[in-house]
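S.K.: Take a look at the letters that make up each chain.
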Amino acid sequence: MAEREQIRKPAPSPREQSVEESPPASERGSDIKAQLDDLLDEIDEVLETNAEDFVKSYIQKGGE
Amino acid sequence: MAVPKMLGLETEYGIVHRGASEPNPISASSLLINAYLIAHGQAPEPGRAAVGWDFTDETPGNDARGGAPAGSLAPEIETHLVNAVLTNGARYYVDHAHPELSTPECADALSVVLYDRAAELIAARSMEAVRMLLPPGEEIVVYKNNSDGKGNSYGCHENYLVSRAVPFSRIVTGATAHFVTRQIYCGAGKMGSETSGMRLDDAGYQLSQRADFIEEEVGLETTLKRPIVNTRDEPHADAAKYRRLHVIVGDANMSQVATFLKVGTTALVMALVEDDAMPREFRFATPVAALRQVSRDRHLRQPLELADGTTVTALGVQWELLAAARAYLERRGADAVGGEVAHLVVARWEEVLGGLERDPGELAGQIDWVAKLRLLEGFRDRHGLDFQDARLRALDIQYHDLRPDRSLAARAGLETLVDEAAAVEAMTEPPPDTRAFFRGRCLQRFAAEVVAANWDSIVFDVGEGSLRRVSMTEPARGTVAHVGDLFDECDSAMELLRRLGSAGA
Numbered sequence: 016m017a018e019r020e021q022i023r024k025p026a027p028s029p030r031e032q033s034v035e036e037s038p039p040a041s042e043r044g045s046d047i048k049a050q051l052d053d054l055l056d057e058i059d060e061v062l063e064t065n066a067e068d069f070v071k072s073y074i075q076k077g078g079e
Numbered sequence: 004m005a006v007p008k009m010l011g012l013e014t015e016y017g018i019v020h021r022g023a024s025e026p027n028p029i030s031a032s033s034l035l036i037n038a039y040l041i042a043h044g045q046a047p048e049p050g051r052a053a054v055g056w057d058f059t060d061e062t063p064g065n066d067a068r069g070g071a072p073a074g075s076l077a078p079e080i081e082t083h084l085v086n087a088v089l090t091n092g093a094r095y096y097v098d099h100a101h102p103e104l105s106t107p108e109c110a111d112a113l114s115v116v117l118y119d120r121a122a123e124l125i126a127a128r129s130m131e132a133v134r135m136l137l138p139p140g141e142e143i144v145v146y147k148n149n150s151d152g153k154g155n156s157y158g159c160h161e162n163y164l165v166s167r168a169v170p171f172s173r174i175v176t177g178a179t180a181h182f183v184t185r186q187i188y189c190g191a192g193k194m195g196s197e198t199s200g201m202r203l204d205d206a207g208y209q210l211s212q213r214a215d216f217i218e219e220e221v222g223l224e225t226t227l228k229r230p231i232v233n234t235r236d237e238p239h240a241d242a243a244k245y246r247r248l249h250v251i252v253g254d255a256n257m258s259q260v261a262t263f264l265k266v267g268t269t270a271l272v273m274a275l276v277e278d279d280a281m282p283r284e285f286r287f288a289t290p291v292a293a294l295r296q297v298s299r300d301r302h303l304r305q306p307l308e309l310a311d312g313t314t315v316t317a318l319g320v321q322w323e324l325l326a327a328a329r330a331y332l333e334r335r336g337a338d339a340v341g342g343e344v345a346h347l348v349v350a351r352w353e354e355v356l357g358g359l360e361r362d363p364g365e366l367a368g369q370i371d372w373v374a375k376l377r378l379l380e381g382f383r384d385r386h387g388l389d390f391q392d393a394r395l396r397a398l399d400i401q402y403h404d405l406r407p408d409r410s411l412a413a414r415a416g417l418e419t420l421v422d423e424a425a426a427v428e429a430m431t432e433p434p435p436d437t438r439a440f441f442r443g444r445c446l447q448r449f450a451a452e453v454v455a456a457n458w459d460s461i462v463f464d465v466g467e468g469s470l471r472r473v474s475m476t477e478p479a480r481g482t483v484a485h486v487g488d489l490f491d492e493c494d495s496a497m498e499l500l501r502r503l504g505s506a507g508a
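Protein sequence lines correspond, in order, to chains A and B.
In this text, residue positions in the first sequence follow my numbering: the first is 16, and each later residue adds one.
In this text, residue positions in the second sequence follow my numbering: the first is 4, and each later residue adds one.
The hints are simulated quantities; they were obtained by calculation from the structure and are not laboratory data.
C-beta: ideal position from N, C-alpha, C; glycine also.
One thing to keep in mind: the hints can contain errors.
Said to hold, decoys possible - The calculated label-pair distances, taken between Cβ atoms and stated as ranges, are:
no.: 1; chain 1: A; residue 1: D68; chain 2: B; residue 2: D488; range: 56 to 64 Å
no.: 2; chain 1: B; residue 1: L124; chain 2: A; residue 2: D53; range: 22 to 30 Å
no.: 3; chain 1: A; residue 1: D52; chain 2: B; residue 2: A243; range: 54 to 62 Å
no.: 4; chain 1: B; residue 1: A292; chain 2: A; residue 2: D59; range: 34 to 42 Å
no.: 5; chain 1: A; residue 1: D53; chain 2: B; residue 2: D279; range: 47 to 55 Å
no.: 6; chain 1: B; residue 1: L227; chain 2: A; residue 2: L62; range: 30 to 38 Å
no.: 7; chain 1: A; residue 1: D52; chain 2: B; residue 2: D491; range: 49 to 57 Å
Construct the complete structure from the given sequences, taking the supplied hints into account.
M.R.: So, in structure tokens, the structure goes:
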């Protein structure tokens, strides 16, 4: 898997500035994490009860 | 010179008729749409059909490359199925075995988000309306995804108006660079693989619903051997001035931010191509393989091989395109790419690339594949599931359920960009700043006299013996600024036609 190393471009990029300019993203991220447990409770309630049958019967014709 | 980017989405929805002994997706789709048209007053009067679609100008077999290569198949048009024009300027119809809704033409990416959200609401209201008509125990359910997980795909197509003066080969090169790499924020996420011979990592998850179904670099097909760049040459506008880039490679998005970026960045990249301002060519050694490789690389690390022997990551390409788009706006302004909204696109683009580079998990409130992966991993850990478990596959599908009480995307804490009340209004009101305004107003005011409509014309029957066709080959005309007063001043279709004279809308 040696070819998986990331190749970093030498060209200057805007990513350094972007770290300082976008703190809201990480704040939003931590808020969202705190809500995950509530969310999973809700998923337990609304998820299709017979998942196996549901997935098996979800068949679509190709479109476009 | 870049032409103003008129934009639109055409979304085919997955459909399930629950509780039916012999479900038929075509009749279920017809029933769904008719139930909506009747319940929401979009069928003009009892006994009269909704305003139909006019196929006179449809030429989906025209190929942008000139003569199409032997063996390529043009899509067929089915004219016998439900096919309605809505008062917001949209088209709601049965395509193959799916309900499909095309947004009206929009002048910027935020407007596309608004009309895409309106389309979701129309689908939800359609499901409510059809429930009243079905026997107890039956229900028709609509999903906004692109795959059934069993090798069948249906599309969310995008449209961009571009200048006819640009050589199509240049569009292909620029579009390919963007389409291969934009999945990192446009992907809707998918459990499993539908391509033989390509393995997924141990999480069994990929960024895109659609990448498995893309098999060619360039082509006319949409139902088999699907290409990265589709060559359908059907501008629905003045063909001497315009092309319509018809994009079939993308996923349908539940996240408004993802839709905003998908359409907003692609409009910018098309302007870069038109004005020869691309940072470089990014010619991939094997574009289709690169597309699939990006979809399977949720750590966003893998280098993609370029034809010149160098490599670049998907993030690297996107950073370069962003820098070029920002320079473009500074140098040429934003008139051709949605005005002020283009600056919002660039700001969000940068924020999202930064997040993806640091930790994609930061973007669970903005990007579908990240939001879905968080639900899948959380659910898996809570219940100690194997990644093959059917409950995870069910969760994947139900993320895209458009019933408000069942949708998992609606519960995932996704940021919204448009006001819900505005989206409700957009279900019936056309956008003010494209020709869709003219189409929508005609249907609101004079539906009884409109025989048929399509993207670039409306046909009236005002009882004069012959039908009157109003041509709309200029997508930026027919706006509220052009014809708003005219509608206020006209009491009848006859008067409207007289005032329009031979000038068109």
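S.K.: Decide, hint by hint, whether the structure agrees.
M.R.: Taking the hints in turn, this is what the structure says about them:
1. The beta-carbon spacing between D68 (chain A) and D488 (chain B), approximately 58 Å, falls within the hinted interval of 56 to 64 Å.
2. Taking 22 to 30 Å as the suggested C-beta distance range, the pair L124 (chain B) and D53 (chain A) conforms, at roughly 25 Å.
3. Our hint of 54 to 62 Å for D52 (chain A) and A243 (chain B) holds, since their Cβ atoms are close to 60 Å apart.
4. Distance hint check for A292 (chain B) and D59 (chain A): the Cβ-Cβ separation is about 40 Å, which falls inside the suggested range of 34 to 42 Å.
5. Our hint of 47 to 55 Å for D53 (chain A) and D279 (chain B) holds, since their Cβ atoms are close to 51 Å apart.
6. Checked against the given bound of 30 to 38 Å, the beta carbons of L227 (chain B) and L62 (chain A), roughly 34 Å apart, stay inside it.
7. Remark: the range hint 49 to 57 Å for D52 (chain A) to D491 (chain B) is upheld by a beta-carbon distance near 55 Å.
In terms of the numbered hints stated before, the structure departs from none.
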